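**Student:** Chains as they are written, first to last, in the UniProt record's numbering: chain H, 1 to 452; chain V, 1 to 452.
Honestly, the hints are just simulated from the structure, not real lab data. Just so we're clear, the structure is a prediction, and the values are computed from it rather than from any experiment.
Result set (EDC-like, lysine to aspartate or glutamate): computed pairs, CA atoms no more than 16 Å apart in a straight line:
1. Lys435(V) x Asp441(H)
2. Lys437(H) x Asp441(V)
3. Lys282(V) x Glu213(H)
4. Lys151(V) x Asp157(H)
5. Lys282(H) x Glu213(V)
6. Lys207(H) x Asp157(V)
7. Lys435(H) x Asp441(V)
8. Lys435(V) x Asp443(H)
Residue strings, one per chain:
Number of protein chains: 2
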Amino acid sequence: MKLLEELQQALDADRVSDNETILEQHSKDESYHTPHLPEAVVFPESAREVSEVVKLANKYTTTVVPFGVGSSLEGNVIPYKSSIVVDFSLMNKVLEVREKDFLVRVQPGVTRSQLDKELKKYGLFFSVDPGADATLGGMAATNASGTTAVKYGIMRDQVRDLEVVLADGSIIHTGSLAAKSSSGYDLNGIFVGSEGTLGCFTELTLKVYGIPEHIMAARASFTSVEDAVEAVIAILQAGVPIARVELADAQSIKQMNHFSDTDYKEVPTLFLEFHGNEAGLKQDVEFTREIVFDRNCQDIEFETDTAGRNRLWEARHNAAYAYIHGHPGKKQMVTDVCVPISELAGAVKDARKAVEKSGLAGGIVGHVGDGNYHILLMIDVNDPKDIEKANVVNEQIVDYALTRGGTCTGEHGVGVGKRKYQEKEHGPALAVMRKIKQALDPDGVLNPDKVI
Amino acid sequence: MKLLEELQQALDADRVSDNETILEQHSKDESYHTPHLPEAVVFPESAREVSEVVKLANKYTTTVVPFGVGSSLEGNVIPYKSSIVVDFSLMNKVLEVREKDFLVRVQPGVTRSQLDKELKKYGLFFSVDPGADATLGGMAATNASGTTAVKYGIMRDQVRDLEVVLADGSIIHTGSLAAKSSSGYDLNGIFVGSEGTLGCFTELTLKVYGIPEHIMAARASFTSVEDAVEAVIAILQAGVPIARVELADAQSIKQMNHFSDTDYKEVPTLFLEFHGNEAGLKQDVEFTREIVFDRNCQDIEFETDTAGRNRLWEARHNAAYAYIHGHPGKKQMVTDVCVPISELAGAVKDARKAVEKSGLAGGIVGHVGDGNYHILLMIDVNDPKDIEKANVVNEQIVDYALTRGGTCTGEHGVGVGKRKYQEKEHGPALAVMRKIKQALDPDGVLNPDKVI
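Working from the sequences, and respecting the hints, build out all of it.
**Tutor:** What follows is the structure in structure tokens.
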């Protein structure tokens, strides 16, 4: 096979593979979408090598799919066409911490936890936490967010500059080190969330934050999802600078209790976190207490020490695993939409009805400050009826979101799973997106048939 | 003239003008760049009418330049080619305030002060304040920012959705009402800052904020610009959530004193503002006091009441007018760059040297929390030597910024004034921008020869 030989010449021979196990590892992500084997997997060590790989893909009219740790949830990295998968695990260095500029420069294969460990030495942290220990390159590719977006913003907000290998193998920088710019078109924004369809990221410069002086977490139990959502709206309206506010429905709390050995009341629950100085936090917390009790909160418990706080967030973060653990042999279908927050209570109620109607086990968890929520459905992937039931739920919640000004995905990205909703969501704007793709990747070399 | 007739048919006759005075009013912005008359000025009342105008521009192979109040500073709206100027002053309605969603939907001709007046009724405010009472459409077009960006972000961060008339007259929406999305490419980002070269904005959905419970302002005097900048870095590193932090050099304070009848010490000065709850603010303020005195602050004065605070910000906001007032007969050339904050002290020092060398009167003011600063130079626009001197200063500070990872404009946009630096700043990424322009406006109908 001539392609493989040329790849081996461009990289070292041992960083190019068509070994069955390696191909199989790069044929899937964490979603329920059907795996597909690539032609080859390469492990580049530099932008130059990535550029060589893309040029060879052009030469051999094959395609390129960038790959982090494969934690995507919509088939975003599955190589459905003849593809070379570019695994970034060897490009995993934190290159520079610019303390005074609150910036860090990393290679795309650096994982979130690896970065945070490094930043801790400087009293800094990286704010985006999607749950999975994803790579920063992957997080930028899907525009990940997670629990802290309500205060610190999403992945797109953190990207100051990307080094990108384009479809023709040329290398560009999309931004600068300046905190803001009105110079030229916003390439940072368009490349973040492009899921490898416009280029391969080979370096990222990201915004980081000082670790807050004080952190306090809380868990508030409610009788209904409506009350919980109304409480969050009131907290935001009061200007309380909340750093995290997560919703779990009764079913999800039940799974958490079972998995994390907690004994939380099995009712709709908010998990909250506050960042600030000691005095300010105290006042925020008192104010929040008043607000939640005004909205029929049953009780609220604060965690002031690090251990209690970690226990609380571990339980929340493990919600997805709790479901998997509680349903052996089944696979999880996670779907994700985002609605204007005023529509969230109605959306969650409607989603619960859809889950009940499907007969599948499933729960709802959400980043309620953003109006973003997930449904975790447990399905037997070998049973077409289960898949069909899950698809019906998916259609229903996406439809509910889109007819209320929402979006079909708040943070998981489009991949293959949400492509069918693009026309409905974007209307004639989809043609604009297609023109941009066509202009930057006319031959469709980059992650084909994804997003648009 | 057939075009004029067809425009008059598409709009009402009295909303299409080729009156000399009207043309002259739309031939310029607030910059020193040479004015140029358009062919006609139209005053549309709807997206449909804007679409008709764009279609006629295509038919008559002329071009379209969108116009707010003409407060741009780099010739962004000057119609240098045969053009129809689209004046949005009749599209000036606040269409909807979605309190619970922290969103407002406005027409592009709404001005910043008009919006804030409306939002006050709901206990909300719009965060971006570029100084001038610009239109929201114009602010989105140049990706404006201003004093509050350090806490609330820039214009691009506030845009949730745009209704845009494209080069072929078709109408799209670039976003949704959801707080975040990973669906499709980020069109909000690419259209914000495109300065009318990719489309005309006919409606904007913007993020708004609850008015903070407490606000406190302060003025801190330093011996040197370095000390002032180091103090700001230390405040940011300490995680104090500062809402505004502005730097004015000694020369600018002198002009302010003269114009605003203040008696501020004529030394490098920081203007600060803190937003938060009462207890938190108190602690922030104490902490800030410690930090600034550690960095050789001469003295710091706090303004706790609204009147004192307004006086302070009025003085700062009037800095540009103070210079104009102090130099009758001259025009102001304002230039704007942004550097990584660690490079700011050096940049300001170098800029001061360049101003001294030029022999022109001029001062430096800056949004120091973002590393963004402006030079205000007083020039005689009829004296080619003055223009040349100002250009030399401009080249010098842009060059300093670009060689240190900065950008040639932090918030004023490219217009015609900063086009010559695009190649140097963006390198091969400029070709990507050009491909996007080519894909979306192949015939160059929209604000020609601007940005790229």
